[in-house]
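Engineer: Model the full assembly from the supplied sequences, consistent with the hints where possible.
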Amino acid sequence: MTALLRIDGLKVCFNTAGGILRAVDGVSLDIGQGESVALLGESGSGKSVAALALLQLLPQPAGRVVAGRVLLGERDLLRTPEREMRAVRGRRIAMIFQEPQTSLNPVMTVGEQISEILPVSWTRRKRRERVMHWLDAVGIGDPARRYREYPHQLSGGMKQRAMIALALAAEPELLIADEPTTALDVTIQAQVLDLLKDMQRRSGMALLFITHDLAVAYQVADRIAVMYAGEIVELASREAFFSGARHPYAQKLFRAVPGRGKRGGMLEVIPGGVPALTREFRGCRFADRCDRAWALCQTVAPQWRMESGHGVRCHLYGADSGRPVPSVTPSVPAVVRDAEEGVAQPLLEVRDLKVHFPIHRGLLRRVVGHVRAVDGVSLSIGAGRTLALVGESGCGKTTVGKAILQLITPTGGTVQFEGARLDRMSRSRLRPVRRHLQVIFQDPYASLDPRMLISEILEEGMRAQGIEATAAGRRRRVLALLEQVGLAAESLGCYPHEFSGGQRQRICIARALSVDPRLIICDEPTSALDVSVQAQILNLLRRLQQELALSYLFITHNLGVVEYLAHDVAVMYLGRLIEAGPVHEVLDRPGHPYTQALLAAVPAIATGSSAASVVASGAGVPRGETPSPVNPPPGCHYHPRCPQAMPKCRTEYPGTSRISAGHWVRCHLFAPDTT
Amino acid sequence: MIRYIIRRLLYAIPILVGVNVLTFALFFFVNTPNDMARFHLGIKRVTPQAITEWKIEHGYNDPLFYNARAPGIDKLTRTIFFQHSVKLLVFDFGQSDSGRDIGYDIRQRMWPSLAIQVPTFVVGLAVYISVALMTVFFRGTYLDLGGVILAVVMMSISMLFYVIGGQYLFSKVLRLVPISGYDTGLSAFKFVVLPVVLGIVSGIGASMRLYRTFFLEEAPRDYVRTARAKGLSEIRVLFRHVLKNAMIPILTGVVVVIPTLFIGGLIMESFFGIPGLGAYTIDAVRSQDFGIVHAMVYLGAVLYIVGLIMTDLAYTLVDPRVRLE
Amino acid sequence: MAFKFVLLPTDALLYLLVVVAVIYGMYAARHEHLRAPWRQVRRNPVAMAALVVLAAYVATGLLDSIHFRMRLDVPGAGHHQAIYAPQVRSVLDVLCGPLRKHVERTYSAPFALRSFTPQMVRLPGGQRVLEYPRLQYGGAGIRTSTDRARDIALRCLRATGETLALWVALVCAVVWWRVRHPGEFMRTAFVRLARGATDTPWRTILVTLAVVILLVAAIVNLGGEYHILGTDQVGQDVLYEAIKSIRTGLVIGTLSTLVMLPFAVAMGVMAGYFGGWVDDLIQYLYTTLNSIPSVLLIIAVILSLQLYMANHAASIDNIAQRQDIRLLALCVVLGVTSWTGLCRLLRGEAMKLRNMDYIQAATALGVRSRSIMTRHILPNVMHIVLISVVLDFSGLVLAEAILSYIGVGVDPSMNSWGNMINGARLELARDPVVWWSLAAAFLFMVTLVLAANLFADAVRDAFDPRLRTS
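Chains as they are written, first to last, in numbering that gives the first Met the number 0: chain A, 0 to 674; chain B, 0 to 324; chain C, 0 to 469.
Treat each hint with caution, since some may be false.
Dumping the calculated BS3-like pairs for lysine-lysine here, alpha-carbon to alpha-carbon at most 30 Å [what the hints assert, rightly or not]:
no. : chain 1 : residue 1 : chain 2 : residue 2
1   : B       : K243      : C       : K351
2   : B       : K243      : A       : K125
3   : A       : K353      : C       : K351
4   : C       : K3        : C       : K100
5   : B       : K189      : B       : K171
6   : A       : K125      : A       : K196
7   : B       : K74       : B       : K86
Stretch by stretch, here's where chain A covers chain C in the computed footprint (C-beta under 8 Å, at least three residues) [what the hints assert, rightly or not]:
no. : region
8   : 161-174
9   : 360-369
Treat the hints as calculated values from the structure; they're not laboratory data.
Nothing here was measured: the structure is a model prediction, and the numbers come from that model.
Every residue, glycine too, gets a C-beta built ideally from N, C-alpha and C.
Structural biologist: The following block contains the structure:
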């Protein structure tokens, strides 16, 4: 295979307030014609910076390339003047970005933006036709209309399709895709991945796919390059990598991903976080977090070793190490016992919960419609149990959590906590009850007041609830909390910005625990975190549940997390629950076509020798996207996307059908309960 | 669209009522008509009779809110509140304290005001945006740095100095244009050109800096990166992508002042002897004519609200995400 | 006592402001989230140079805010009935004694020996001649212009010498203070200072200080003998007027925002946090106020106030009081016209914060609304308040000049740059031109406003570079 693009010793630095940050520190990588390479790494590993540097698109004036060559054919892109770079960008190397929401210009039509990339010499008509062709090719229906529309009129998945059309319109030789599906829902992610693979196959272009998701990398790539702290630490073909990753970091990543296989045990964690790239490294950059590191790793940086196409940067494989390659035995995590199943009395009982946001219009702000964010949700959680509420973005799952906490006043339905009606309580009566129900949010950066010390944050709830009257008592308790969540006592005098995302999430957990809650509503607490850190938090939550007999309402879109942590599962679609039951029942034998589609859309890694068996993701992936909750489709909300829709589905919302004890579904495919 | 405008105008009513109540309180509560009469007649030699005569002459003789002596509906209409405040709502400005018809004066004097204000506004906006774009295009160079420093220095100088200095230099020393005065038709040009130029120059520092920050705010956005990744030239990125987006905040600040151009520029008109509404207001201040000031305050409020509505309409032109409804 | 202390309303507010600033300083020193941005300001050479200039202005303004009335030596008055002079003086007046007292008959140019306007003089023979009379004070002991040039040169030389002596002492003090830290040596400290390699830009600060000291020394050495910036129509020293105007500018620049500040902050935060009818009401209030163009609102209020004061003249006992009430009223009106912007900004920010996760978490912990507003929202919007106060300052100083020109500014008898410009403007028609009043007002204003703008920029960049303020 001839190399289309040859990256050789690329080094990129950023001038920051904290010093010079070596974001990319000597990356070399070849990309062959028509080949697809995945650049895999956690946030801060330098993968996006490397991609931007290829096109000289680094943020100016902070970022600069300090060394290396990037050869596209004979030409070194890093030494190509700006004027000539323009002919390369878009035309020979195109790029798509993570956030389709912000990557398109909001005040220009989609058509204008795509046609900008086409030769100016073409007639307007010719360009228009070509744009329509590409819009059609990426699966955007009614291209003539979409051509004239603005980005905000397109849904998230549509926007990313438009971005792909934009990137492909000039028929580049290489497409760089920077986390193109991270901001999308799983079902849309599956569609976009399919589209990218399809386009690549048809046009024969090369693909550099940047991702943090092992499974996504598995789906798209021929070769995988793992980046850690500015370096490539492993490079291998997909088969070789997924059947036997060599670098301890890569091995650990595999075991940190939650899933059903890991149920009942603790997840393997990588202690600590990605090191700050402003510091100087002497030895291996991973040594501090590696449980197989020895003295050599701390002092000498490992060399890059290539062996039959499988490269790795680790002393374990060095001839000079003098240490035999140990067999890859996963450290056996301690098996922990699950809470007793099936005996629990419901702690929280929600019946027919409704949250409708009125849409005001007109002179007197008449209510002309409602956003039916939550439209009749019933669920119950027993003491010491975890209920996972699963759904895609916009389905109303976060609103359910806030309505239970009475942070949003429900429009209808009841919320009972230990028999007491929360929805009927006045603000002052509710205040003392609040200590039993706590919450952990998704974004660890937004959930701590930046102007407060950690001690103040942790004491706030105790003061409000009158727990521990004395300052000394509060302090003792705060110290105990910190130890419980695994933070040092010195943290008390620090501000939130001094902590990493994972540490902040620990502080949030400690804050919730500070008032001795019975139930914690966890609203996507790990989705903003890297895989290795996610595992730490999930393990912590699990341990706390066992120690304190906590109940969790775990709101998430990540089915892997559900499989790892939940006892029961409820699937939500457009404001309503469509299926619920014990976790193994629902995930093993999903009844509702939507649940099936969700499961099918999750990119899976078929480990083992049968590497060829890429999970056929196309089959079950639902068409289209979630409709608006302002105007849900009549009948079953899911019918426009359902491959098995019947005439009845268009007119009538299905009732509850019981599949087995505790497992029910709302779908016309099942016989309704006669009760 | 029409419905939207009508609705917005209806929203304006409570605000205009509020403005009216406020000015009424200011002019007739803080100081009673008696105080006013005494003030105008000269504090020393006033007789109660003179006060009454003055009040009758200027229509301040009625009670404030309720006229018990008047018949029927006149109980409410023959009051100071109705005559001097409610009538403003239908643009009946009444008479000034010196007995002139304010409505007529306003119609006469708004044209000279517009002759100064419109060119200042239009040319000024074009100049400010181009200067700001230029510094952004050359950002990081000495040209940018020099421009920014110059802008800070220029915005630190009072407008009065620009006017005094400009008038001195161009009219007195160089004798390029007359010192002051006004004429109708094309011959107005020589009177108008200096105030316009000085008006633009005096605003250049602040506006250029503000617009520059608008442009710089757009510069690190994702869509700009997308545009660069497409291989577009820097000029095209700036003009096609950045400018269009930066127009949104620029318009917010700019459109709202368009209607208030009618009121004229106080400083320019008084310095250059232009018989516009600004000079009218200043004359009223100097002769302490409350009738005129009251009318101008109300007119200003109406025009401001019109400006707000125009801003909303302008949004729909530059931002496709905004729809009226 | 030889004098009676007089507390004018604006004095009281200025003292309060100083106290608030000191408390804020102490608070900021203990809170890292405030200390860090201020540290950034401290490292900015331009900001520190501006700060030195501002400090000189503020010191002058504060000296001019300690008012008293001198006791009069009236023969026959008993010990118990002390009689005090009707004029209110300030410490600055005393310090600028010669400047204040050397009043000529009318205009004279800077450093002039003779009056600017000719006067009919009767010679001993009964003949009348038009001549430029000698000034009473300006260059009183000087005969010819060559003598004058030598005298000025000598005085400048002395001023330079004094400056140098004081400055060297200052430099040594700074170096000594820096060397207190262990491990530093005098020599290296000097070298680092000279190279500008210190964390706080001491070199810039000291150079700016040198300029300030030199100017003060020049005024001290020359001011008693000459009218450095000439005299105005009634023979008053222009430099003295310009210096006295500093307080007016500072009062307007600071008090205008501060009088309405508590109001604006409370309204903005409440509107944003509570929403609903509270929000509607507050929005209505500020939209209504905002809809009146601010110049017109100021005109309306000041006119009305003028009338009120004319009718209640009896209750105001002296001219300083009258000037001060008018000044305070102007501050309040300017505050009323400018609080709406800040209120709207804070409302928007509070609305954003209300939905932040940490506020939601506090609600879920059962924290009361009042605590949430004071403990979470207020500290998180204070930087906006600070930025808006420093950014508004220069605009208000400039506004004073315009308003005084229109005739709705400070009392016409008060010292202010606006009144100086207003008075001088009419004299531009003379030939040769009387330019010095304008030049003095220009110099003093530009220096203050430029320094304030540069400092405000640094503060904004340090606290919230993204905050959009127009």
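Engineer: Let me make sure I understand: some of the numbered hints might not hold for this structure. Which ones are they, in numerical order?
Structural biologist: 8
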